[in-house]
Amino acid sequence: MNLAANESEPLLIGEGLTKSFGRQIGCRDVSFCLHEGEVMAVVGESGSGKTTLLRLLSMQTESDAGRVLYRMRDGVTRDLATLGEAELRFLARTDWGFVHQDPALGLRMAVSGGANVGERLMAVGWRHYGNIRDAAADWLSRVEIDIARIDDRPATYSGGMRQRLQIARNLVTQPRIVLMDEPTGGLDVSVQARLLDLLRSLVAVLKLSAVIVTHDLAVARLLSHRIMVMKGGEVIESGLTDQVLDDPREPYTQLLVASILQP
Amino acid sequence: MTTALELHDVAKSFTMHLQGGVRLSVVAGVTFSVHAGECVVLAGPSGAGKSSILKMIFGNYRCDQGQILLRDGARSFDLAMATPRQMLALRDTAIGYVSQFLRAVPRVPTIDVIAEPLIVCGTPRDVAHAKATAMLQQLNIRGALLQLPPATFSGGEQQRVNIARGFLPDLPILLLDEPTASLDAGNRAAVRELIVEKKRRGAAIVAVVHDENVREAIADRIVEVSKFAAAA
Numbered sequence: 147m148n149l150a151a152n153e154s155e156p157l158l159i160g161e162g163l164t165k166s167f168g169r170q171i172g173c174r175d176v177s178f179c180l181h182e183g184e185v186m187a188v189v190g191e192s193g194s195g196k197t198t199l200l201r202l203l204s205m206q207t208e209s210d211a212g213r214v215l216y217r218m219r220d221g222v223t224r225d226l227a228t229l230g231e232a233e234l235r236f237l238a239r240t241d242w243g244f245v246h247q248d249p250a251l252g253l254r255m256a257v258s259g260g261a262n263v264g265e266r267l268m269a270v271g272w273r274h275y276g277n278i279r280d281a282a283a284d285w286l287s288r289v290e291i292d293i294a295r296i297d298d299r300p301a302t303y304s305g306g307m308r309q310r311l312q313i314a315r316n317l318v319t320q321p322r323i324v325l326m327d328e329p330t331g332g333l334d335v336s337v338q339a340r341l342l343d344l345l346r347s348l349v350a351v352l353k354l355s356a357v358i359v360t361h362d363l364a365v366a367r368l369l370s371h372r373i374m375v376m377k378g379g380e381v382i383e384s385g386l387t388d389q390v391l392d393d394p395r396e397p398y399t400q401l402l403v404a405s406i407l408q409p
Numbered sequence: 028m029t030t031a032l033e034l035h036d037v038a039k040s041f042t043m044h045l046q047g048g049v050r051l052s053v054v055a056g057v058t059f060s061v062h063a064g065e066c067v068v069l070a071g072p073s074g075a076g077k078s079s080i081l082k083m084i085f086g087n088y089r090c091d092q093g094q095i096l097l098r099d100g101a102r103s104f105d106l107a108m109a110t111p112r113q114m115l116a117l118r119d120t121a122i123g124y125v126s127q128f129l130r131a132v133p134r135v136p137t138i139d140v141i142a143e144p145l146i147v148c149g150t151p152r153d154v155a156h157a158k159a160t161a162m163l164q165q166l167n168i169r170g171a172l173l174q175l176p177p178a179t180f181s182g183g184e185q186q187r188v189n190i191a192r193g194f195l196p197d198l199p200i201l202l203l204d205e206p207t208a209s210l211d212a213g214n215r216a217a218v219r220e221l222i223v224e225k226k227r228r229g230a231a232i233v234a235v236v237h238d239e240n241v242r243e244a245i246a247d248r249i250v251e252v253s254k255f256a257a258a259a
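Chains as they are written, first to last, in our numbering: chain A, 147 to 409; chain B, 28 to 259.
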């Protein structure tokens, strides 16, 4: 029996992340650690700062205060703000994935489904057309998209297929971290269940770390190990997912949990 | 006998903010220990806090006060102070929990639901599946059901799937919350057998069981939970 978990270095650290938009607070003093293979859910209602946090983590938005530290593949932990534009772009192509709520933002709608997946591979240096097409086909089947649709544009795909294509495009380069913004939002329940099952097995098989922003506590329970509850830009409660959901301490978390519809 | 688990002066209460901040005390001063190879049954009326104690040991509920010591030889670790990461690791390697209700991802076949805890700890897939299949036969689940997701199964079948999942890995601590609640006599006997077998292999078990026959067959000691009632 192993009495204490191996305390390896975290993969991603947020330290005092703060961002306001004029007088509107986006995020205030958000800190956390994410380890390899760990999935953290960020929950809270609209406007609580969840998406701002994701944008700060992925350097899409510059923070007013605080830093994002990331352990690079060579084992050195670096402050992302000290990386150059080219280094950040390289990380975004190799180590990081970002799954948008609206797949149209994460896909190129004018090129084929296969090309959407293949493009990420070309960005990391793949050149052989046959290999790229094979890898794209393999990933389409892993996310349960019919291979016959490989040459169709995502504009002709259903919403659920687009979302699965976006996930394939992100995972094909075997990233270490995936940031997801409401990945199942706006999908039919049946499609949602399929996507959740898919995400869960991919995360487990690939030992991915992920930060998943969702307002759906059921999604958080199924996918995440840990949970952070945000309100008004601040983290008001965090811990083991089942502990926070089964024994919520803060009034706001109790309200969220009590508001879940039981089918 | 070696002590595997020790609770010292453990207390739990809930503050219900939506009900005007009412404080609901569940238990206080909970103190007992469990040895390896022993089964302690928690007894008491509904609402006495039996399940809450199990949930605190598993880290599902926070522990307000006291210590929950996991012992391994001379070393001990306080579960009440565990970080989320430590708790998750211990759930894979040390503490199993079988609840009354199965919570599974939709669409995942039964065989995978059951084999998952083994696969997570590094058991090869085919070995894990073979063990899961054998366990299900012991629990009288038809082979035809293995490839189906358990969501459509009967209550008793779901419960047996849950039991199989919880009993498959060999963990030193096993927490059982009404494992036989919705089972017929034949299946209750099968579960009783599994529990006795676990004890023989040295597991320390804490169980909540209402069925008298099962209780008689598995309990080495009974801890009356109502004596830990919190002073309101």
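Rather than coming from a laboratory, the hints here were simulated on the basis of the structure. As the structure is a computational prediction, the values presented were derived from the model and not from experiment. One or more hints might be untrue.
Claimed, not checked - If we take Cβ atoms under 7 angstroms as the criterion, some of the chain B residues that face chain A in the derived model are:
| no. | residue |
| --- | --- |
| 1 | Ser40 |
| 2 | His44 |
| 3 | Leu45 |
| 4 | Arg89 |
| 5 | Pro111 |
| 6 | Arg118 |
| 7 | Ile138 |
| 8 | Pro176 |
Said to hold, decoys possible - Part of the chain B face toward chain A, derived, beta carbon under 10 angstroms:
| no. | residue |
| --- | --- |
| 9 | Gln94 |
| 10 | Arg134 |
| 11 | Leu173 |
| 12 | Leu175 |
| 13 | Asp204 |
Glycine included, C-beta positions come from ideal geometry on N, C-alpha and C.
Structure-based check of all given hints:
1. The interface hint given for B:Ser40 is broken, as the beta carbon of that residue sits about 11 angstroms from the closest beta carbon of chain A, more than 7 angstroms.
2. For B:His44, the interface hint holds, since its Cβ comes within 7 angstroms of a Cβ in chain A; the closest pair sits about 4 angstroms apart.
3. Taking 7 angstroms as the C-beta contact cut-off toward chain A, the hint placing B:Leu45 at the interface holds, the least distance being around 6 angstroms.
4. Hint status for B:Arg89: holds, given a least beta-carbon distance of 5 angstroms to chain A, under 7 angstroms.
5. Checking B:Pro111 against chain A by beta carbon gives a least distance of about 4 angstroms; that is within 7 angstroms, so the hint holds.
6. Interface restraint check: B:Arg118 against chain A, minimum CB-CB distance 9 angstroms, threshold 7 angstroms, status violated.
7. For B:Ile138, the suggested interface contact is broken, since its CB lies about 14 angstroms from the closest CB of chain A, more than 7 angstroms.
8. Hint status for B:Pro176: violated, given a least beta-carbon distance of 9 angstroms to chain A, over 7 angstroms.
9. Because the beta carbon of B:Gln94 sits about 14 angstroms from the nearest beta carbon in chain A, more than 10 angstroms, this interface hint is broken.
10. Hint on B:Arg134 holds. Least Cβ distance to chain A is approximately 5 angstroms, under the 10 angstroms limit.
11. Interface hint at B:Leu173: violated, since its Cβ lies 17 angstroms from the closest Cβ of chain A, which is beyond the 10 angstroms cut-off.
12. With its C-beta approaching chain A no nearer than about 14 angstroms, B:Leu175 sits outside the 10 angstroms limit, and its interface hint is violated.
13. Among the interface hints, the one on B:Asp204 is violated; its C-beta lies about 13 angstroms from the nearest C-beta in chain A, farther than the 10 angstroms criterion.
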